[in-house]
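Protein sequences appear in the order of chains A and B. Residues 500 to 994, numbered by the numbering used here, are exactly what the first sequence covers, in order. Residues 5 to 432, numbered by the numbering used here, are exactly what the second sequence covers, in order.
There's no promise every hint is true.
[Claimed, not checked] Chain B residues, not near chain A, derived (Cβ > 10 angstroms throughout):
#1 Lys30
#2 Gly193
#3 Leu251
#4 Asn282
#5 Glu350
#6 Glu381
[Said to hold, decoys possible] Residues from chain A that face chain B, not an exhaustive set, calculated with beta carbons under 8 angstroms:
#7 Asp522
#8 Ser626
#9 Tyr727
[What the hints assert, rightly or not] Okay, derived cross-link-like pairs now, PhoX-like style, lysine-lysine, Cα gap no bigger than 20 angstroms in a straight line:
#10 B/Lys397 / B/Lys411
#11 A/Lys891 / A/Lys792
#12 B/Lys45 / B/Lys35
#13 A/Lys551 / A/Lys504
#14 A/Lys790 / A/Lys832
#15 B/Lys75 / B/Lys45
#16 B/Lys35 / A/Lys614
#17 A/Lys748 / A/Lys792
#18 A/Lys817 / A/Lys755
#19 B/Lys45 / A/Lys541
#20 B/Lys73 / A/Lys504
#21 B/Lys45 / B/Lys73
#22 A/Lys881 / A/Lys891
#23 B/Lys35 / A/Lys783
#24 B/Lys317 / A/Lys541
Since the hints were made in silico from the structure, they are not lab data. A virtual CB, placed ideally from N, CA and C, is assigned to each residue, including glycine.
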Amino acid sequence: MHLSKEIYAEIENIVGPENICGDPAIMPSYHDSEIGAVVLPKDAEEVQAIVKLCNKHKIQFIAMSTGFIRAQIPRGSIYLDLRRMNHIIEINEENMYAVVEPYVTSAELQAELFKRGLNCSIKGSGSQCTSIIRGHGHMDISTSGDDRNQLAMEWVTPAGDLIRLGSLGSVNEWFCGDGPGPSLRGVISGRGSGDALAEGGVITKSAMKLYHWPGPVEFPLEGNSPNYNLKEMPAHFMIRYFSFPSVDKMYEAELKIGESEIAFELMGFNVAMLSANVSSSLEKEIQFLEKAKKEVQGPGFYVIIAANSQEEFEYNQKVLEQIITETGGKSLKLVEDPRVAGILLIHGIRICASIRETFRSRAPGGKAYGFQIMGQRDVCIKWIGEAAERKKKLIEKGLGADDGGVFFGWSVEHSHLGKTEIFFDPSPDPRSVEAILAWQQETAWNALNNHLAVPTHLPLEIIGPRVSNYHIWSKKMDEAFNPNGVTIFLPSLTG
Amino acid sequence: MSLENYQGYVERCCRCSCCKFVPLQKVRGIKHSYVCPSISKYNFNAYSGGGRLLTIKSMLRNKTSYNDKLKEIVYNCQMCGACGVSCNYAMDIEVMEPISEFRIRCVQDGQTHPALEKVITSLRTTNSMVSVTGKRSDWALGMNLKDITKDKVEVFYFAGCLSSYEKHNLAQSIARLLQQAGVNFGIAGEAEMCCGGRAYQMGYEADFLAQAKKNMALIQKTGIKTLVTGCADCYQAFKVLYDKFNLKGDLQILHITEYLRQLIQAGKLTLSRRVDLNVTYHDPCRLGRLGEPWIHWEGTQMPGTRYMFDPPKEYRRGEHGVYEPPRDVLRSIPGLILTEMDRIKEYAWCCGAGGGVNESNPEFSIWTAKERIEEAESTGARTLVTACPWCEKNFDEAIKATGSKLKVFDIVELVENAIQKGDTNAPK
Numbered sequence: 500m501h502l503s504k505e506i507y508a509e510i511e512n513i514v515g516p517e518n519i520c521g522d523p524a525i526m527p528s529y530h531d532s533e534i535g536a537v538v539l540p541k542d543a544e545e546v547q548a549i550v551k552l553c554n555k556h557k558i559q560f561i562a563m564s565t566g567f568i569r570a571q572i573p574r575g576s577i578y579l580d581l582r583r584m585n586h587i588i589e590i591n592e593e594n595m596y597a598v599v600e601p602y603v604t605s606a607e608l609q610a611e612l613f614k615r616g617l618n619c620s621i622k623g624s625g626s627q628c629t630s631i632i633r634g635h636g637h638m639d640i641s642t643s644g645d646d647r648n649q650l651a652m653e654w655v656t657p658a659g660d661l662i663r664l665g666s667l668g669s670v671n672e673w674f675c676g677d678g679p680g681p682s683l684r685g686v687i688s689g690r691g692s693g694d695a696l697a698e699g700g701v702i703t704k705s706a707m708k709l710y711h712w713p714g715p716v717e718f719p720l721e722g723n724s725p726n727y728n729l730k731e732m733p734a735h736f737m738i739r740y741f742s743f744p745s746v747d748k749m750y751e752a753e754l755k756i757g758e759s760e761i762a763f764e765l766m767g768f769n770v771a772m773l774s775a776n777v778s779s780s781l782e783k784e785i786q787f788l789e790k791a792k793k794e795v796q797g798p799g800f801y802v803i804i805a806a807n808s809q810e811e812f813e814y815n816q817k818v819l820e821q822i823i824t825e826t827g828g829k830s831l832k833l834v835e836d837p838r839v840a841g842i843l844l845i846h847g848i849r850i851c852a853s854i855r856e857t858f859r860s861r862a863p864g865g866k867a868y869g870f871q872i873m874g875q876r877d878v879c880i881k882w883i884g885e886a887a888e889r890k891k892k893l894i895e896k897g898l899g900a901d902d903g904g905v906f907f908g909w910s911v912e913h914s915h916l917g918k919t920e921i922f923f924d925p926s927p928d929p930r931s932v933e934a935i936l937a938w939q940q941e942t943a944w945n946a947l948n949n950h951l952a953v954p955t956h957l958p959l960e961i962i963g964p965r966v967s968n969y970h971i972w973s974k975k976m977d978e979a980f981n982p983n984g985v986t987i988f989l990p991s992l993t994g
Numbered sequence: 005m006s007l008e009n010y011q012g013y014v015e016r017c018c019r020c021s022c023c024k025f026v027p028l029q030k031v032r033g034i035k036h037s038y039v040c041p042s043i044s045k046y047n048f049n050a051y052s053g054g055g056r057l058l059t060i061k062s063m064l065r066n067k068t069s070y071n072d073k074l075k076e077i078v079y080n081c082q083m084c085g086a087c088g089v090s091c092n093y094a095m096d097i098e099v100m101e102p103i104s105e106f107r108i109r110c111v112q113d114g115q116t117h118p119a120l121e122k123v124i125t126s127l128r129t130t131n132s133m134v135s136v137t138g139k140r141s142d143w144a145l146g147m148n149l150k151d152i153t154k155d156k157v158e159v160f161y162f163a164g165c166l167s168s169y170e171k172h173n174l175a176q177s178i179a180r181l182l183q184q185a186g187v188n189f190g191i192a193g194e195a196e197m198c199c200g201g202r203a204y205q206m207g208y209e210a211d212f213l214a215q216a217k218k219n220m221a222l223i224q225k226t227g228i229k230t231l232v233t234g235c236a237d238c239y240q241a242f243k244v245l246y247d248k249f250n251l252k253g254d255l256q257i258l259h260i261t262e263y264l265r266q267l268i269q270a271g272k273l274t275l276s277r278r279v280d281l282n283v284t285y286h287d288p289c290r291l292g293r294l295g296e297p298w299i300h301w302e303g304t305q306m307p308g309t310r311y312m313f314d315p316p317k318e319y320r321r322g323e324h325g326v327y328e329p330p331r332d333v334l335r336s337i338p339g340l341i342l343t344e345m346d347r348i349k350e351y352a353w354c355c356g357a358g359g360g361v362n363e364s365n366p367e368f369s370i371w372t373a374k375e376r377i378e379e380a381e382s383t384g385a386r387t388l389v390t391a392c393p394w395c396e397k398n399f400d401e402a403i404k405a406t407g408s409k410l411k412v413f414d415i416v417e418l419v420e421n422a423i424q425k426g427d428t429n430a431p432k
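Okay, chain B solo, but in the shape it has when bound:
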């Protein structure tokens, strides 16, 4: 869809400011009532979800032109989707889609951010979203894992760029758990390529599509029907974005937390070792609210003043994100106490790493993470658990910057700790 297709939606913003707050029913007090990092940090209304829609409306009416300030506003957004959830509590409009489409338009018009240009230029040559050090499959050395390009497997474990090059522990933990559960899985090794999801968030639609097509060509060649990943960005890319562009086919996409829940419920993994931790869980945006399935829809506006369509349009309001699987996994760990933060699930505060902000404005990215660290600490928990390496990385950096005593773990690490070391096939 082009930006012009969203004109009807952006025209309907009534400037109520709901996009700035968690859904009003969930406001628990004066603290943690804000949901959008961008307006919370920069305060001027243009940084809010509604402000962005009104800016797009003005652009579509040729009343606003590009300038440095506009670009600064456009790129200072994690594209976390929280504004859309809060808006869609009441309004039947698209929020995140036009905001995303506007960023794509900026890139197409050459209105790019130099830091993001650098990342994408690198992606085009390395197939990676992060700096390449060593080989992509170095993390798997000595693990004796199957290769999907050579071996017949049922499940493809897609490690993703960050786990492949920086967070080896996470990829290794996942692989060991899958081995422990007896899953017939494989990895793509050196053939694995960036999913393209973060390129899409940055506005580089063409580069995203190039990555998506390469990945799906590889997968289709193997005949694999199920892909599992431990990265929320990869998960959303394969499950939602590939589907949006009709590239996913019937490939089943599972986040590792969904798969672990299945394996635990099926008795293939037994968590019997106590992990005496008081933890709080951070919902990654792209596993949670933005992880809900894409809805294919085409229709025409019905006559009359109501903005309704034939056939009826179903909006993605964040209701059907992946919220319970990670919590169920945590609840199945003996000794672990889960204490929730004020902002959770569809109205969780973003970690700050998304939308290219991590690369284009690290200070804002860390500021956003610090806000979450403070919220996590306010629960009394000493451990912050998440389910995405990008979140974990950003939280680690924020903790270093603040001197917080909070520990950050990926949920996979805790599951591995909960498996008796004496068990057969227990992780090493």
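Okay, chain A solo, but in the shape it has when bound:
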């Protein structure tokens, strides 16, 4: 045990003996390090008491919900496993928000919302993750992403104060994150480089913005796992995958679709990701990919239309058809097959196949190198497009896993904003990781020197002076909110 008996007993008094464990037998199942103890608080009061105790004894802590992140946790630190905080507190249909605890998954929340004709933003990491995570996902064109969906919150700061943010702090209501009342959303969820929940302190409840859902209460499914499929396409739903002659044409189509507000979803899967998504095994994925590669003309995305009426459905289809014609897009016949369309649709809306696209084909450890950038879509395309060209050259030399040198991305809101991502897995060549790290550094410096983005993968002291001395303000915030340095900031999942 890496925690003194006295401190262990103090925590035990807070949560009860069955909700703390310091036995080395459970640690490998967390993060393969010498964690002091794993603690299972049941509510904000217990979280606050533990965090105060950590401050008192200068012990570092980290909070995690479903735990889909890998990081080295410092020896002797406290791991707050929020598993017991798994309640939906309220679904407010009138004001369109849901108040949830951290261990409510997106899959659970979305299923409850569908029953009420509502939907929520789900992050690309998958619906097995917490519903209050900050980040981006497939439905960003209609639900937006990042902290746009986080409304009022209850937050235990790294120092152990319990703060009610936004309207919760002024009128005890959950409808707004920015006021009337204190707004610290940028501090608690916009800072740092990672997508982790609670980059500082612990979010113990959050109100999440909700959206209209034009679809059924449940998708009518047939088959058994892993081959579920739609029995029939729901009324007024359609999905197509389009490829384009160039990245520029693809983005032109994205922009027009975004501005015309006809799409429920626009996701820029490249064909490798598409193949992974619709295939129930690696072998089938490769077979699908070989066929898809022959059919596509260039980069692409898939679009879901989900309308409320036949008239709206027909209008949306016509507009989409016009945009695709104008931009030289070509529909992938493979996805026009109702069986494939059905799979892609249910995965695209319930976000339940992210692991296929990310980890099924990845080398053990799941470490991916690359960039995940939210920003002005056309600028990010320019930046990452160049990185993709250099990636291809490394692949040709055998210094990276061959995925065709692709990058991908998708629209947020009206497509002026977007998420652009590029991954680069090592090849078996022993020089591969070093080459990829160098590629990563060059890509980051390109962003900085050419004013394209504020990149990750460079020290804050280098980035800070270029962006209003952010590093100084960041340090001041640390001193204010995290005076004892006990909260653990995690690196990005894939950074």
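Once you have looked at the hints, place chain B on chain A.
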């Protein structure tokens, strides 16, 4: 396969937590979204499917050693296989096999549980998984059944330990239905021995193999080609585990629900009497997801970063378990209404009785059953139907503990009730 053979698989757990939930596409709300009893009860990640793989990974790297907590984690698992189904929706890895192999390794290393030791010690002398009271064939007294060791029969009805010693009604019902359908069947009487399946679940591979070899020697001597059983554990042992160890040969294994469906479809059983019940059906793990056939495969890893093999490896993902036969049988009963629970088929919640938990931690076993009772009640059904005596027994105990008004029946009992008493050869 030894535990070391699974290193490549356990290394690939990405800790996504999918193993804790029903396949995400099947999540219907905040209730009944969890699929693994162990992590649901004990909460620490080590109790989940992924947590177990990560623990095995650490053991294989010599970073973790046995201690009391580790043993407590290892034995608090019903080995129900639900984690594997949810994982295998996306990942191409083995989940249940390394977990099972780790338990076998624990037993080989002497890291056993005293309650399970007691059960296995008894098995070695009595050939039974349950306490022996009376003779194994007492249930068949007065039924005038054929004996496979003496008579020429086409079908061997294997009653199993629980039906033989405790659930006489189930064995008798099955025998009467087979008689009614005119099946030329027999039983092994005092020569019947435990299938060994539950010993395997507990980690006692050698004892399982001893039972399997004895059973197959008896069967081979008779030349019987078809075995029918009403116990899901026996079914999985004969059909899947015996095949895994190349002991099954060409013996056809049928669960009674599969056989009843055949008999009903062939017109050999007519269900004409109304059974006005609103029921819900519980899929036994070893008839459902773990009842899918074993896949024999040998191959080598292909070069590259993708974990693929030559020839391609086909995973047992729970897709081909026995799900429709029991439902078809229920649908063929006049007047009966079947209402499904939230967690069914390959992602059904376990009854709690498996993996030795019933013996090693009865409180956890009953807790698991109570969760299922609550789920069954939430459908509005007043009757819970299952197709395994172990499930039925555990549910009965949970109902006693909760005071629930839910009734529990084996599907066979309902079929028997649906046969007109006036019919020729109708059950008595």
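*Take the C-alpha atoms of B/Lys75 and B/Lys45, compute the straight-line distance between them, and say whether it is at most 20 angstroms.*
Roughly 16 angstroms between the alpha carbons, so the hint for B/Lys75 and B/Lys45 holds.
*Beyond 10 angstroms from every Cβ of chain A: is that where the Cβ of B/Asn282 lies?*
At about 21 angstroms from chain A, B/Asn282 clears the 10 angstroms cut-off, so the statement holds.
*Minimum Cβ-Cβ distance from B/Lys30 to chain A exceeds 10 angstroms*: With a cut-off of 10 angstroms, B/Lys30 comes too close to chain A, as the shortest Cβ separation is near 8 angstroms.
*Within 20 angstroms, alpha carbon to alpha carbon, are B/Lys45 and B/Lys73?*
The given pair, whose Cα atoms are some 15 angstroms apart, holds under the 20 angstroms limit.
*Run the C-beta distances from B/Glu350 to all of chain A and say if the shortest one exceeds 10 angstroms.*
Its Cβ does come within 10 angstroms of chain A, the nearest being 5 angstroms, so this is violated.
*Taking only the CA atoms, is the gap from B/Lys73 to A/Lys504 under or equal to 20 angstroms?*
Measuring from Cα to Cα gives roughly 18 angstroms; hence the hint holds.
*Does the alpha-carbon distance linking A/Lys891 and A/Lys792 stay inside the 20 angstroms limit?*
Measuring from Cα to Cα gives roughly 16 angstroms; hence the hint holds.
*Is A/Lys790 within 20 angstroms of A/Lys832, Cα to Cα?*
Status holds; Cα separation ~10 angstroms.
*Agreement of A/Lys881 and A/Lys891 with the hint, judged by alpha carbon distance not exceeding 20 angstroms*: holds, 16 angstroms
*So is B/Glu381 really clear of chain A, every C-beta pair being over 10 angstroms apart?*
holds, 20 angstroms
*Straight-line Cα separation of B/Lys35 and A/Lys614 no greater than 20 angstroms?*
It holds: about 13 angstroms lies between the C-alpha atoms, which stays within 20 angstroms.
*Beyond 10 angstroms from every Cβ of chain A: is that where the Cβ of B/Leu251 lies?*
Answer for B/Leu251: holds, closest chain A Cβ roughly 28 angstroms.
Consistency with the previously given hints fails for numbers 1, 5, 23 and 24, ordered from lowest to highest.
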